[in-house]
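Given these sequences and hints, build the entire structure.
Residue numbers (UniProt numbering), protein chains in the order written: chain R, 1 to 417; chain B, 1 to 417.
Check the hints yourself; a few may be wrong.
Copies of the same chain look alike in the list, so a pair counts if it works inside one copy or between any two.
To be verified - Here are the simulated lysine-lysine pairs, DSBU-like style, with alpha carbons at most 30 angstroms apart:
# : residue 1 : residue 2
1 : K284      : K340
2 : K340      : K138
3 : K340      : K352
4 : K340      : K216
For the record, the hints were derived by calculation from the structure and aren't laboratory data.
A quick note: this is a predicted structure, and the numbers were derived from the prediction, not measured.
2 protein chains.
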Amino acid sequence: MRKTERFQSQCQMQRQREMARGYVFLLPLLIVVLTLATGISSLDNGLAPTPTMGWLHWERFLCNVDCEEDPHNCISEQLYMQMADIMAAEGWKDVGYSYVCIDDCWLASTRDANHRLQPDPKRFPSGMKKLADYVHSKGLKLGIYQDVGTYTCAGYPGSYGYYELDAQTFADWGVDLLKFDGCNFINLDIMIEDIKKYCNHWRNYGDIDDSWGSVKTIIDWTANHQSLIAPVAGPGGWNDPDMLVIGNFGLSRDQQMTQMALWAIMAAPLLMSNDLRNIDADSKALLQNRYVIAINQDPLGVQGQRVSKLRNFELWSRPLAGGGFAYAVVNRAEIGGPQKFSIVVFSLDSGKACQKECLVTQILPAFRFQGIHVLTSVLEFWVNPTGTVLFTVFPHSTGSSRKVEALSSNMDRRSNL
Amino acid sequence: MRKTERFQSQCQMQRQREMARGYVFLLPLLIVVLTLATGISSLDNGLAPTPTMGWLHWERFLCNVDCEEDPHNCISEQLYMQMADIMAAEGWKDVGYSYVCIDDCWLASTRDANHRLQPDPKRFPSGMKKLADYVHSKGLKLGIYQDVGTYTCAGYPGSYGYYELDAQTFADWGVDLLKFDGCNFINLDIMIEDIKKYCNHWRNYGDIDDSWGSVKTIIDWTANHQSLIAPVAGPGGWNDPDMLVIGNFGLSRDQQMTQMALWAIMAAPLLMSNDLRNIDADSKALLQNRYVIAINQDPLGVQGQRVSKLRNFELWSRPLAGGGFAYAVVNRAEIGGPQKFSIVVFSLDSGKACQKECLVTQILPAFRFQGIHVLTSVLEFWVNPTGTVLFTVFPHSTGSSRKVEALSSNMDRRSNL
Numbered sequence: 001m002r003k004t005e006r007f008q009s010q011c012q013m014q015r016q017r018e019m020a021r022g023y024v025f026l027l028p029l030l031i032v033v034l035t036l037a038t039g040i041s042s043l044d045n046g047l048a049p050t051p052t053m054g055w056l057h058w059e060r061f062l063c064n065v066d067c068e069e070d071p072h073n074c075i076s077e078q079l080y081m082q083m084a085d086i087m088a089a090e091g092w093k094d095v096g097y098s099y100v101c102i103d104d105c106w107l108a109s110t111r112d113a114n115h116r117l118q119p120d121p122k123r124f125p126s127g128m129k130k131l132a133d134y135v136h137s138k139g140l141k142l143g144i145y146q147d148v149g150t151y152t153c154a155g156y157p158g159s160y161g162y163y164e165l166d167a168q169t170f171a172d173w174g175v176d177l178l179k180f181d182g183c184n185f186i187n188l189d190i191m192i193e194d195i196k197k198y199c200n201h202w203r204n205y206g207d208i209d210d211s212w213g214s215v216k217t218i219i220d221w222t223a224n225h226q227s228l229i230a231p232v233a234g235p236g237g238w239n240d241p242d243m244l245v246i247g248n249f250g251l252s253r254d255q256q257m258t259q260m261a262l263w264a265i266m267a268a269p270l271l272m273s274n275d276l277r278n279i280d281a282d283s284k285a286l287l288q289n290r291y292v293i294a295i296n297q298d299p300l301g302v303q304g305q306r307v308s309k310l311r312n313f314e315l316w317s318r319p320l321a322g323g324g325f326a327y328a329v330v331n332r333a334e335i336g337g338p339q340k341f342s343i344v345v346f347s348l349d350s351g352k353a354c355q356k357e358c359l360v361t362q363i364l365p366a367f368r369f370q371g372i373h374v375l376t377s378v379l380e381f382w383v384n385p386t387g388t389v390l391f392t393v394f395p396h397s398t399g400s401s402r403k404v405e406a407l408s409s410n411m412d413r414r415s416n417l
Numbered sequence: 001m002r003k004t005e006r007f008q009s010q011c012q013m014q015r016q017r018e019m020a021r022g023y024v025f026l027l028p029l030l031i032v033v034l035t036l037a038t039g040i041s042s043l044d045n046g047l048a049p050t051p052t053m054g055w056l057h058w059e060r061f062l063c064n065v066d067c068e069e070d071p072h073n074c075i076s077e078q079l080y081m082q083m084a085d086i087m088a089a090e091g092w093k094d095v096g097y098s099y100v101c102i103d104d105c106w107l108a109s110t111r112d113a114n115h116r117l118q119p120d121p122k123r124f125p126s127g128m129k130k131l132a133d134y135v136h137s138k139g140l141k142l143g144i145y146q147d148v149g150t151y152t153c154a155g156y157p158g159s160y161g162y163y164e165l166d167a168q169t170f171a172d173w174g175v176d177l178l179k180f181d182g183c184n185f186i187n188l189d190i191m192i193e194d195i196k197k198y199c200n201h202w203r204n205y206g207d208i209d210d211s212w213g214s215v216k217t218i219i220d221w222t223a224n225h226q227s228l229i230a231p232v233a234g235p236g237g238w239n240d241p242d243m244l245v246i247g248n249f250g251l252s253r254d255q256q257m258t259q260m261a262l263w264a265i266m267a268a269p270l271l272m273s274n275d276l277r278n279i280d281a282d283s284k285a286l287l288q289n290r291y292v293i294a295i296n297q298d299p300l301g302v303q304g305q306r307v308s309k310l311r312n313f314e315l316w317s318r319p320l321a322g323g324g325f326a327y328a329v330v331n332r333a334e335i336g337g338p339q340k341f342s343i344v345v346f347s348l349d350s351g352k353a354c355q356k357e358c359l360v361t362q363i364l365p366a367f368r369f370q371g372i373h374v375l376t377s378v379l380e381f382w383v384n385p386t387g388t389v390l391f392t393v394f395p396h397s398t399g400s401s402r403k404v405e406a407l408s409s410n411m412d413r414r415s416n417l
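And the structure:
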């Protein structure tokens with residue numbers, strides 16, 4: 001199989017919310033496919049040392065296959081080529097978004113005479129190999145979608161019975177990532193501790209939609225199951241709370257910042273689902289914020305957790321390389337004005353990042369050095385309703401006075417890969 | 001009682017949602033007060049020929065009385081003076097927002113030696129007469145808050161037992177509007193058909209908060225009870241779905257447009273609760289949109305209603321002076337991209353506005369003449385998830401080719417009053 005070393009799998013549970021139980025859905029035959037691909041018994045493909053970043057069509061474009069009525073937005077090769085063009089040209093690739101990912105509804109209704117998968121011929125007239133080549137020519141990678149069952153969630157031919165053939169087909173086309181869905185198959189739960197052997201990231205919960213209600217539900221589910229799922233995450237395998245919906249229609253500016261900040265704290269894959277051809281400047285700046293991305297991509301690879309709830313505030317913490325921490329203070333109120341959150345430094349992870357002195361830097365809603373502090377310093381932030389203040393605390397010494405710069409340089413190293 | 005002719009009452013049910021049953025809460029003693037004020041048995045004060053427009057502190061500033069901690073945002077005379085300054089200076093008054101309204105938490109904890117109400121002396125050191133004079137000097141009007149019961153909702157002295165004295169006090173101060181709440185009193189429902197005799201506008205449902213969930217719930221409640229409440233509305237008395245929360249933290253841009261469009265269709269009082277000292281340009285432009293305001297303030301004074309639901313779309317219609325109609329198409333989807341709504345003109349109120357030809361004008365999300373149409377024309381609009389397209393249809397003839405201009409001139413007449 002060609003390009004085995006580049007093949008990344010995203011394993012995904014079914015879209016039914018009642019499936020969410022802290023387990024992920026996968027099947028033994030999928031394991032066979034992946035072990036064939038890598039030649040070892042666990043997923044050791046060297047990929048996803050930090051959470052995957054890219055673009056995925058589902059939340060924004062769904063199963064829009066009506067290219068007569070809506071040629072600009074239907075699921076077609078043109079859509080992915082346009083996204084690739086923009087990701088390469090408008091700074092997305094530079095900050096780390098490297099995967100252009102197809103979701104459901106790209107397939108023809110039947111396999112070809114040799115049982116191989118084929119894309120819808122009208123919507124993908126050039127074929128998938130050409131599309132992969134095009135995406136690669138832009139310095140990006142192509143993701144594709146299939147389902148472990150007899151049909152995909154939208155009713156297109158599934159991979160059941162054809163796992164090896166389909167893996168070979170994707171490899172022949174030059175596909176770099178597979179999102180493997182779980183519709184239309186006998187349910188089979190596997191323990192989350194095992195999932196990392198087979199996938200580079202995996203969904204634990206239902207699909208996101210373009211609403212604060214949905215984002216809140218995912219944040220709450222993650223916090224409520226963090227003792228189970230967070231320890232499993234790390235380089236090579238990540239919990240996936242689903243797509244970033246920033247740049248669409250349903251989130252306020254503050255809610256967008258909360259999604260971005262929490263996805264960074266949670267070490268979540270950053271897979272945008274939006275229309276990069278038509279995105280407002282604020283959303284673009286937020287999605288391309290190098291400091292937030294650097295927290296998400298921190299090389300220590302530890303998933304952050306919610307560490308306290310106080311009135312309407314939640315405090316989330318993520319340890320970072322270099323002995324620092326990132327903190328998100330979420331104001332869950334949905335009424336009134338900004339509220340003040342005060343905390344003494346020694347109550348932030350027992351003051352680990354501040355044994356002598358520490359440098360505090362606000363990242364969101366705006367970048368701002370907050371000065372050098374000690375264990376007894378009181379930090380104060382005003383947090384908007386449904387908004388978040390994201391900040392970092394790094395040990396301070398004469399030799400490392402600006403550890404936040406390390407975040408940026410981590411980011412730059414990554415984008416130079 | 002001085003200034004009786006200027007005294008406007010806003011009657012308000014309690015803040016408990018379980019009270020919402022299509023009735024409004026009011027008590028006979030309030031009626032006595034108001035009949036004393038006007039000298040007749042029904043409210044015939046000549047006020048509110050169109051829905052009241054102004055600013056009300058509650059949703060944004062709540063019962064923030066901590067002026068030590070938060071001097072800029074606490075309930076104090078400074079807050080209302082600043083809002084009055086800005087309403088006069090930054091275009092708000094020019095488009096019709098004329099009432100600066102105080103909500104709960106302005107009172108001292110006790111009445112004075114003569115049993116008269118008195119404001120908190122630290123937060124309103126100049127007294128209410130001075131504040132009213134200041135607001136009037138800006139060409140604006142002052143609204144105040146009290147409660148029919150023994151205490152206000154926040155626990156300050158209520159009007160129970162002092163209705164006549166309190167009415168006289170407000171009149172002595174030069175207050176122009178009373179929001180009369182319903183906490184801490186024996187419940188007494190009165191039929192909505194009767195409420196217009198006593199109040200210029202009245203709440204039917206629970207308090208709004210700064211979220212799309214809240215706005216949706218109010219829209220749904222109104223639609224589900226429209227056959228009961230809409231016919232009661234008209235010049236002099238209006239159903240109040242509660243404050244505009246545009247310019248705060250919880251609504252996306254599209255959701256803000258939906259609130260503004262629906263409040264216009266529903267002939268709702270436009271009482272903003274936001275911080276006019278710090279509001280983004282998009283929110284300001286939306287709140288000051290003269291065309292939307294003109295629909296809200298249409299002199300025919302008929303409350304619009306939801307006329308159909310089709311898949312995720314809702315169509316709302318409001319008849320306007322001049323034989324035209326305003327329509328709002330709401331996309332209630334919370335996933336995906338913009339969706340196309342198509343409708344043939346003769347299915348818009350049986351084509352009443354288009355017996356020969358009609359002029360169609362999109363008002364939101366952007367102003368755009370849509371051309372001259374006939375009964376068989378098909379209109380098409382792309383509507384964002386959680387967003388709304390607001391448009392008008394006016395009969396077209398050579399003598400009245402631009403009826404939408406009439407909307408503006410209605411607006412201009414109003415602002416010149």
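Hint by hint, here is what the structure shows:
1. K284 x K340: Both. Shortest intra-copy (28 angstroms) and inter-copy (26 angstroms) distances satisfy the 30 angstroms Cα cut-off.
2. K340 x K138: Neither. Shortest intra-copy (46 angstroms) and inter-copy (33 angstroms) distances fail the 30 angstroms Cα cut-off.
3. K340 x K352: within (24 angstroms within a copy, 55 angstroms between copies)
4. K340 x K216: Both, since 21 angstroms and 29 angstroms are each at most 30 angstroms.
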